[in-house]
Structure formats: structure tokens, C-alpha cells
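Read top to bottom, the protein sequences are chains E and V. Following the working numbering, the numbering of the first sequence begins with 1 at its first residue and continues without gaps. Following the working numbering, the numbering of the second sequence begins with 337 at its first residue and continues without gaps.
Worth double-checking, as some hints may not be accurate.
Said to hold, decoys possible - Chain V residues, not near chain E, derived (Cβ > 12 Å throughout):
| # | residue |
| --- | --- |
| 1 | Val365 |
| 2 | His378 |
| 3 | Thr540 |
| 4 | Ile604 |
To be verified - A few chain E residues facing chain V, derived, Cβ under 8 Å:
| # | residue |
| --- | --- |
| 5 | Val25 |
| 6 | Tyr60 |
| 7 | Pro62 |
| 8 | Arg201 |
| 9 | Tyr259 |
| 10 | Leu264 |
FYI, nobody ran anything at the bench for these hints, they're computed from the structure. Positions of the beta carbon are idealized from the N, C-alpha and C atoms, including for glycine.
There are 2 protein chains.
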Amino acid sequence: MTLNRRFTLVARPDGLPKPSDFALVDEPVPELADGQFLVRNHYVSLDPAIRGWLDDAPSYLPPIELGDAVRVSTVGQVEASKAGSIKAGDWVMGLNKLEHYSVAAEGGFTYPIDANAVPSVTNYLSVMGAVGLTAFFGVNDVLKPKAGETFLISGAAGAVGSIAGQLGKLAGARVVGIAGGPEKCARLLNDYGFDAAVDYRGKTVDQLSAAIGEAAPNGVDMVFENVGGTVLDATLLHLNREARVGLCGLISEYNSEHYGTRNLWQLIVKSARIQGFLVSDYLHRFPEGGAAMAKLVAEGKLRFDEHIEEGIDNALPTFLKLFEGKNEGKLILKLV
Amino acid sequence: MTLNRRFTLVARPDGLPKPSDFALVDEPVPELADGQFLVRNHYVSLDPAIRGWLDDAPSYLPPIELGDAVRVSTVGQVEASKAGSIKAGDWVMGLNKLEHYSVAAEGGFTYPIDANAVPSVTNYLSVMGAVGLTAFFGVNDVLKPKAGETFLISGAAGAVGSIAGQLGKLAGARVVGIAGGPEKCARLLNDYGFDAAVDYRGKTVDQLSAAIGEAAPNGVDMVFENVGGTVLDATLLHLNREARVGLCGLISEYNSEHYGTRNLWQLIVKSARIQGFLVSDYLHRFPEGGAAMAKLVAEGKLRFDEHIEEGIDNALPTFLKLFEGKNEGKLILKLV
Chain E
1 MTLNRRFTLV ARPDGLPKPS DFALVDEPVP ELADGQFLVR NHYVSLDPAI
51 RGWLDDAPSY LPPIELGDAV RVSTVGQVEA SKAGSIKAGD WVMGLNKLEH
101 YSVAAEGGFT YPIDANAVPS VTNYLSVMGA VGLTAFFGVN DVLKPKAGET
151 FLISGAAGAV GSIAGQLGKL AGARVVGIAG GPEKCARLLN DYGFDAAVDY
201 RGKTVDQLSA AIGEAAPNGV DMVFENVGGT VLDATLLHLN REARVGLCGL
251 ISEYNSEHYG TRNLWQLIVK SARIQGFLVS DYLHRFPEGG AAMAKLVAEG
301 KLRFDEHIEE GIDNALPTFL KLFEGKNEGK LILKLV
Chain V
337 MTLNRRFTLV ARPDGLPKPS DFALVDEPVP ELADGQFLVR NHYVSLDPAI
387 RGWLDDAPSY LPPIELGDAV RVSTVGQVEA SKAGSIKAGD WVMGLNKLEH
437 YSVAAEGGFT YPIDANAVPS VTNYLSVMGA VGLTAFFGVN DVLKPKAGET
487 FLISGAAGAV GSIAGQLGKL AGARVVGIAG GPEKCARLLN DYGFDAAVDY
537 RGKTVDQLSA AIGEAAPNGV DMVFENVGGT VLDATLLHLN REARVGLCGL
587 ISEYNSEHYG TRNLWQLIVK SARIQGFLVS DYLHRFPEGG AAMAKLVAEG
637 KLRFDEHIEE GIDNALPTFL KLFEGKNEGK LILKLV
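If we strip away everything but chain E, and leave its shape as in the complex, we get (with noise of 0.2 Å):
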């Protein structure tokens, strides 16, 4: 018999996550109900957003429960199927768990994709999928980039924050990157085509200010928020007139209590605002963002860049690296 091994939430972890927060159990592959069919989960997609879900706290989605496989995006094949519309062989994305064997419901969060349309199915993860379409719907609908622009981007080097500033770049912006250490922003000025690049390691929020200041002399009009923490308090300080943040994540404070931005009263001051979004407030326009971003892949105009590891049993140490930093593009493991 075939088993489903599934990398399951067995603590809610405190802090940053540890091996006895999971565990590895192999369970039979369940039978499937009419209208569904079984996906074989080829490759995962590690997004700092999973560490939200583990938490039991009120969310956009509700947590994972204990005992349950954890939510992932996930690209895999259809094993079998009982959906009409669905038939064994065809390639599916969606929303599933971190297993080998996920059953999706027709209608539902698992959809198929054209395997054949990109240099490899795991782009489907990364710049077309929903890294990609965050980047695309912060840039062109929260931020709205104009040409000459001071376009500030932390997270510069992660797979959200590459794209956003390639995405500023083409919109005729300035764009200022902010990554962690010398390797991250020698990629931003030369493999992401940033003008500039701040090392935020070891500063304090006085010392990255000045070289937020350096690095953008005119001040900034837009942010794309990844980061938080001392990074975005450092950032609020250079904001100009009506300047807008974009605020799609807070990595650095996922694992520990929130830290306490302190100025927030240069909002006030210069009229600016911090707007919140997730990916999902777009899912109506999944089609125009996906086919926006197909074109430039097919053009050749962006570059994005995959991070793949490989086995369920490595599932938490390549989770982990999104909080270390460790991660050189969009953080994949390869399941099969």
C-alpha cells in the first residue's frame, strides 16, 4: 500500500519554530468522494506566511489546526480523479497541505496549470504564482509607480522584493534596495538591475537611516514593505509628501514578539500612509496579473531566481532559512 507521509503541526510553536513543533507520520492515502481527485505534490512553496497560520490567532485564514499537514502552496500531478473536469497526468496548482498526497475538491483552491508554457513547473511557484502576483499587485495597484519615483523596496533580495523592483524599475522609478549583507546586495545592483543597495546587518536604526539617507538623497515615494522591525522605523524617516507604504509583510517580527514601530508620527507629518495587502485581495484578478507577468517572463524582462531543496524530511530547516536569510530566490522543496 501506498502511504501519504505529511509533515504535520503537532505544537503551536513559541517564537521561531523547533523540530518537536512537527512531526513526520505516514498515514494510507485517503479514498476519494465523487468531485474530487488526488494530487501528487511535486514541489511546496515555503512562504513566510505559513508562520501566521501556525499561530492560533485571528487571521485572514484560520490557523492550522494541531495534527493537521501544513498549508502550502503546492504544484503536482493528478494521481487519480473523480472530478469531471480533472483527469489523471494533468498538472494542478493550489492552495493544499505539505504531504506527498493531497485530495482537492473540484471548484476549489486547485486549479490546473499548462506545464509546457514555462521553462519549468516550478515557476508556477514562484514569479507565476503568487510571489510573483504580489509583487505585481503591490507595484502596479498599492503602490502605483510613476516615472522618476524613489521606489524603496526591503526584502530586496527575497523572492517578493526582486520582483517588485524589477517591476519599479520598469515603471521608470528609482529603486533602492535594502537586503542583508554584501552578497544579497551585490545581487540586487547586478542581477536585479537596482540603482542602489542598503545592507541593513548590524545597524541600528540610526545607522541604517543614514544609509537609507545616502542611498536615496532625494527621499522616498514608495515602499514595499517585506521586513518591518528596525527596517521600516529606520524607513519611515525618509518618506516624503504624500509617500505610500505598502505594507506586505513583517518577516522580521514573525518569531518574537512585535516589535514597536516608533515613527509612525512622520505619517502625520508628511501625509503618508502604510497600506496593508495581501495577494488574496486580488484573487478576481489572478487572470490580468498572471497573464501581465507571463508576458514579461516570455519577454525576457525579469529575472527571478528558485531556491529548491529537496524532501519532506527536510520540511523545517528549509522553512527556517526564510527567517535566516538563507534562502537566494523564491524557497521551493522538491517533493518528488
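Position chain V relative to chain E; hints supplied.
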């Protein structure tokens, strides 16, 4: 010779302003140049914003210079004029100084007002002035209430907050106010027609959050934020999806190191925004706002209170009432 008594800044306050930060000086009334006029200041508006101008920090107006009189809005009567469009005896209002006589220039920020159009000329420093317009543009332009929405206001018994709440009621919102102490909360319900009141005094963030949850069981769609600190942190936990927070002031933070706001992550999970604003953003729309406020006042649709103290020698203790929450209505100092 007539002397001009002036309330001057001699040291930049560290925390709450103290007597040694200021000096009362008597100087000759200045001579007028062509195009100038001399204003006998009758009433002075004491506003939280003044605290920011005492610091040597970049803001939307330059810091008040050491040795100069403190910048304030005043209403007064023209004593002498070398300006063609202004004559002695005219009532004027403008951004002047805390002194018996200010020199203003034609085409500047001091302009004639119709003293007969209002029950008291002090109304130009309250409901008809920056206070009323801050509430007007904050509610109608930044927040744009829709009927049936829940509207939370902090500093709700204050000059701006009490008007903002009434404007929200006129727009059909359910209005909840946060204020300090049972007397102020009673005034919200009895004098200003709020639907519910929350007393923040003596409450932790968790306790305040619980009280907000009781007063706004369906969550909060709009916030008019005047206070910041723990009040804002508790408020953020109750935002509905796509809630908007108009950030008008952070009075709880003006005399101390800025509070660290921990709940910004709520902006992401609720796709909500914080929009800072200044009434001066709307200078070009003051005629529109002034006319709208005048109509509401004439129709008896707005209740507003003025708290008037007397004498320039009393300037500092009067100003400090703002930070002690001891003023009941718009705080005004009468000089003549």
C-alpha cells in the same frame, strides 16, 4: 510707549514643557513696513501641534526659533495698517505668535474674518477654524464614512474628536468614542450624541481592547486617531477588512519617547490602511470646508465647546492642560 508682551521659547523642552523653557518678554511694538498690518491678538488657539514645533526636528513647518515667540493661530483686530486691503478695526485670523501684537503681511497667512457671522469670534479658532476643518476633511476626505459603518474616534471628547464624531453621525455611521474618565465619556453620549463610549484610563492594551470589543462588537471600519500609544495598539486589533485609519495626532506620545506600536501586522491581515494627514493639506479647499461647517453650525447640527482661559502670563499652564486631558472643548487663551 505701548509694549508688546511675548511668550518666547528659550530652551527646547525635554518631555513635558516646563516654565524654564519659556520667557515672557516685553518689547516695543514693531514699526510697520509697507504692505504690513499690526494685529492686536485677542484670542490664541492652543493646539497639540505646537508641541512638535518646539522641537528641533524636521517637520511640515520649521521649528520655532529659540528666542522667538511661540507660533500659534490667533484671532485679533487690526490696530494699524500699511496694507491696502486691510484697515484698522478689521477682525482677522491667522498663523501668528503668542504675543499681544503680531505683524502680518498682506497675502500671508492672516486674513479678514466676519465677526458678525458667528455667535463668538472665538468660533474661528474652534468649529470654524483649523479644528473644525481638521475634523471636516479628516472625516469627509480621508475616511469617507458610509451609512451603517462603525466609526471609532480616540481623543473623542477633545475639540477635533467631538466634531469628527458628530460629522460621522451626520453621515449615518455608528460612532464610538474613546476618552479619559467617566465625565468625558458621559459627555460623548449626552452632549455629542455618540452611540457608545470607552474610558481608556487605567486600562492595559488587553483591557482596552476588550472594552473596544464590547462597544464595537461588529469591528471598526473607520478610525479617527488623535491619541496613539496603547489606544492605537488596542484599536488596531478591532479593524475590519479594508478599514481605514485617519492619523490626525498622537498626543499621548508628544512629550515622551515615541511609543512603539506593536500591532501593525493587523494592517496586513485586514488589508487596512493608516493615512496620515494635516489640515494644511487642504488649504486650497478651506473655503469649501468653511462653508460646509458654517452651514452645519447655522442649522444647529453641531455642538462644540470652547474652554477659554485668560492672560498671556497663564500661557504655559493653559497649554499643559492639553496633555493632562484637562480641557473641555477647544482650548483658547484670551489675551484682551
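### Query
Hey, does the Tyr60/E contact hint survive, CB to chain V under 8 Å?
Interface hint status for Tyr60/E: holds (5 Å vs cutoff 8 Å).
### Query
Does Arg201/E pass the interface check with chain V, least Cβ-Cβ distance below 8 Å?
violated, 22 Å
### Message
Let's test the interface hint: is any C-beta of chain V closer than 8 Å to that of Pro62/E?
### Response
Status violated, d = 12 Å.
#### Entry: Tyr259/E as chain V interface residue, shortest Cβ-Cβ below 8 Å
holds, 7 Å
### Query
When you look at the beta carbon of Ile604/V, is every beta carbon of chain E farther off than 12 Å?
violated, 4 Å
### Closest CB of chain E to the CB of Val365/V still more than 12 Å away
Non-interface label on Val365/V holds, nearest chain E Cβ at 34 Å vs cutoff 12 Å.
### Status of the stated non-contact between His378/V and chain E (beta carbon gap over 12 Å)
Given that every Cβ of chain E is farther than 12 Å from that of His378/V, nearest at about 29 Å, it holds.
### Query
Taking the least C-beta to C-beta distance, is Val25/E closer than 8 Å to chain V?
Val25/E check fails; min Cβ-Cβ to chain V is 29 Å, beyond 8 Å.
### Task
Let me know if the C-beta of Leu264/E comes in closer than 8 Å to any C-beta of chain V, holds or violated.
Result: holds, 6 Å to nearest chain V Cβ.
### Query
Looking at Thr540/V again, its CB stays over 12 Å from all of chain E?
holds, 15 Å
Checked against the numbered hints above, the structure breaks hints 4, 5, 7 and 8 and satisfies the rest.
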